[in-house]
Amino acid sequence: MNNLFFLLQKEFRQIFRNPTILRMILLMPIIQLIVIPLAADYEIKQISISVVDQDHSPYARKLVQKLTASGYFQLVEYTQSYAQATQTVGDGKTDLILTIPPHFERDLIKLNKGQLYLAADAVNGVRAGLGTAYASQMIGDFNREIREEWMLLPKFNEIPQIEITSANWFNQHFDYHLFMVPGIMAILVTMVGAFLTALNIVAEKEVGTIEQINVTPLKKHEFILGKLIPFWVLGMVSITLGMLIAFVVFSILPVGSYLTVYVFSAVYLLGVLGIGLLISTFADTQQQATLFAFFCMMVFILLGGLYTPIESMPDWAQWLTKANPPAYFIKVIRAVYIKGSTFTDLLPDFFAMVGFAILFNGLAVLNYRKRST
Amino acid sequence: MATVHVENIKKTYDKGSVLALDNVSFDVKSGELFGLIGPDGAGKTSLFRILTTLLLPDGGHAQVAGLDVVNDLWKIRRIVGYMPGKFSLYQDLSIEENLQFFATVFNTTVEKNYHLIEDIYVQIEPFKKRLAGKLSGGMKQKLALCCALIHEPKVLFLDEPTTGVDPVSRKEFWDMLDRLKTRGITIVVSTPYMDEASRCDRIALIQKGKILELDTLTKIIGRHAQNLYAVNADNRYQLMHDLRKPAEIESSFAFGEEQHVTLRTPENGENYLIDYLTQTGHSDITVRKIDPTIEDVFIKLMLENQ
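The listed protein sequences derive, respectively, from chains A and B. Heads up: the first sequence is residues 38 to 410, going by the working numbering. Heads up: the second sequence is residues 204 to 509, going by the working numbering.
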């Protein structure tokens, strides 16, 4: 126990002396939490639209006005030539072409139907998909308005209509930040827990200090605990910092209890510290550890449901996410923050995290034993 | 009694394809300053790592202070001091903090064993607040020695402590080892510098994992009394070539400004060499009979070993 105390004293001394680690722990959460949610917004606004108006009727103008007034579309071009509009798409200056054919208004009134042509630049699939969806919805609205205008007073509903009204639960205003901030907090804890630990232990190998430690009577478990405890503490500090920034900058407070967040963070950190330890058993240089960490981070984030919902992944990928510890933690943090889930609601995830902690630490110890001969 | 006892130690790397130590056996007496002398890659570091319990041997036995290096490793770790060839202290801790840390790890304090390190520590004490990474090579050396001594070890293993250190610091370092020896600490030191052999009580010449010769320096040199001649002439390159040709010449190697030559027949060596070189058309010929140094012995043994 005495030895552990001196090891911890040494470790904290080194950490507080290392400006890079301090910056990683203090500045990284601030920058990531402030910049990423503000910058990486899923809601697509400002879709550029070219209108090819070959009709020049009041209805055509009304339709264009409706689209541009919504705030989603920005009219970049108003022309009569479809060829010119496709050229603008080719130049990358517009996302969507709405073609209003000649006699649109006349056909609409006389024949009771009109045709519009919507073309999207699908190089960016998300923009194209959302752009056509928004536009179709607005054209639908426009259509209804015209019908109402012509029927004036519909005495009775001749055609049965199903109208869908949607309500967003837990995140009523569809606030992207509310979704993103807790997820990024989870990733931050992962980085501090897994990679700072791995880099720190590998640095001792690389510099050779581990050699000097190994000839002392210090036991292996003392050395490992001396490494894990400081980074466990730093992980808890970084989740606290994250929660603080979430509140100060985005006014996001967990609907559930802080205790649940901390309990899960504590257990989850044990698991990611195990990952760090495991990396350190087979990496001999910090360069190797960093490259491996980089690879892991990509998997962690992309298969963790931070940006893309796990539910919309193919089946095999959904199975993969079950082996991805951050996927659980991201889910838990979001559940506590947005839904107010309680500890018992998240019990399966708790057991999964305990499992990960045992698995990774166990593997690390096994691998360490194997290599120490 | 032997403080360090090594018996048929064998070590291979890369699944047996690289032989690092080939049945090495030797004893180091209590209170002795023992030198392992050999070029890079001779197996010195492997031997040190086995004796300090960092590496398991593939065969053979070794004991340090009567304790087996495989079975009693925890006991050995309490009584040996090890200074690896590469500076292995915490660069981001100060002199003082490093020393304190290694003292506490051995459950002791700097104050308790200060007498052991005093005359070394006073030289670096003015910089005790400085981070170890910012020290000069010589100061790092002294700090590493202090840290290896702070738990009052019975045996001190120093792996190439003077490599990369300036000549003045090297001399100082050996003076320090002499003083430590008077305190009864057994010291095993390795070095690639032949001139440092004279500072050891006994030396072992090691090459390619084999001990070529083991004794006091004077005895080793005496045993390999050779008919050694220092030869020089104006055309050095031609000289080197010509000296390799005759069967009478046992060996010939460049040694500083001269060519060191040994002959198979002991009589009239000087005359033979002068005659031979005159015949082959050399001028400005000088031939002196000289006493061999440890370096000559080592080169001779190395050639024999091949």
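Think of the hints as simulated: they come from the structure by calculation, not from any bench. Worth double-checking, as some hints may not be accurate.
[What the hints assert, rightly or not] In silico lysine-lysine, BS3-like type, Cα no more than 30 Å apart, as pairs:
1) A/Lys242 x B/Lys232
2) A/Lys257 x B/Lys422
3) A/Lys257 x B/Lys411
4) B/Lys374 x A/Lys257
5) B/Lys289 x B/Lys374
6) B/Lys411 x A/Lys256
7) A/Lys256 x B/Lys218
8) B/Lys332 x B/Lys413
9) B/Lys357 x B/Lys413
10) A/Lys150 x B/Lys384
11) B/Lys422 x A/Lys256
12) A/Lys256 x B/Lys374
13) A/Lys103 x A/Lys130
14) B/Lys374 x B/Lys213
15) B/Lys337 x B/Lys278
16) A/Lys103 x A/Lys147
17) A/Lys256 x B/Lys357
18) B/Lys422 x A/Lys242
19) B/Lys289 x B/Lys332
20) B/Lys315 x B/Lys278
21) B/Lys331 x A/Lys256
22) A/Lys150 x A/Lys99
23) B/Lys332 x B/Lys232
24) A/Lys242 x B/Lys343
25) B/Lys413 x A/Lys257
26) B/Lys218 x A/Lys103
27) A/Lys257 x B/Lys357
28) A/Lys256 x B/Lys289
29) B/Lys315 x A/Lys256
30) B/Lys213 x A/Lys256
[What the hints assert, rightly or not] Facing chain A, from chain B, some residues (calculated, C-beta under 7 Å):
31) Leu257
32) Asp261
33) Arg280
34) Thr489
Note that the coordinates shown come from a computational prediction; the quantities given were computed from them, not determined experimentally. By construction, the Cβ of each residue, glycine as well, lies at the ideal position given by its N, Cα and C atoms.
These are the hints, each one checked on the structure:
| no. | hint | result |
| --- | --- | --- |
| 1 | A/Lys242 x B/Lys232 | violated, 33 Å |
| 2 | A/Lys257 x B/Lys422 | violated, 45 Å |
| 3 | A/Lys257 x B/Lys411 | violated, 33 Å |
| 4 | B/Lys374 x A/Lys257 | violated, 38 Å |
| 5 | B/Lys289 x B/Lys374 | holds, 19 Å |
| 6 | B/Lys411 x A/Lys256 | violated, 34 Å |
| 7 | A/Lys256 x B/Lys218 | holds, 28 Å |
| 8 | B/Lys332 x B/Lys413 | violated, 44 Å |
| 9 | B/Lys357 x B/Lys413 | holds, 26 Å |
| 10 | A/Lys150 x B/Lys384 | violated, 108 Å |
| 11 | B/Lys422 x A/Lys256 | violated, 44 Å |
| 12 | A/Lys256 x B/Lys374 | violated, 37 Å |
| 13 | A/Lys103 x A/Lys130 | holds, 21 Å |
| 14 | B/Lys374 x B/Lys213 | violated, 33 Å |
| 15 | B/Lys337 x B/Lys278 | violated, 34 Å |
| 16 | A/Lys103 x A/Lys147 | holds, 23 Å |
| 17 | A/Lys256 x B/Lys357 | holds, 21 Å |
| 18 | B/Lys422 x A/Lys242 | violated, 42 Å |
| 19 | B/Lys289 x B/Lys332 | holds, 22 Å |
| 20 | B/Lys315 x B/Lys278 | holds, 21 Å |
| 21 | B/Lys331 x A/Lys256 | holds, 28 Å |
| 22 | A/Lys150 x A/Lys99 | holds, 17 Å |
| 23 | B/Lys332 x B/Lys232 | violated, 39 Å |
| 24 | A/Lys242 x B/Lys343 | holds, 19 Å |
| 25 | B/Lys413 x A/Lys257 | violated, 33 Å |
| 26 | B/Lys218 x A/Lys103 | violated, 77 Å |
| 27 | A/Lys257 x B/Lys357 | holds, 24 Å |
| 28 | A/Lys256 x B/Lys289 | holds, 23 Å |
| 29 | B/Lys315 x A/Lys256 | holds, 23 Å |
| 30 | B/Lys213 x A/Lys256 | holds, 27 Å |
| 31 | Leu257 | holds, 6 Å |
| 32 | Asp261 | violated, 10 Å |
| 33 | Arg280 | holds, 5 Å |
| 34 | Thr489 | violated, 48 Å |
The structure fails hints 1, 2, 3, 4, 6, 8, 10, 11, 12, 14, 15, 18, 23, 25, 26, 32 and 34 (numbered hints given earlier, in ascending order).
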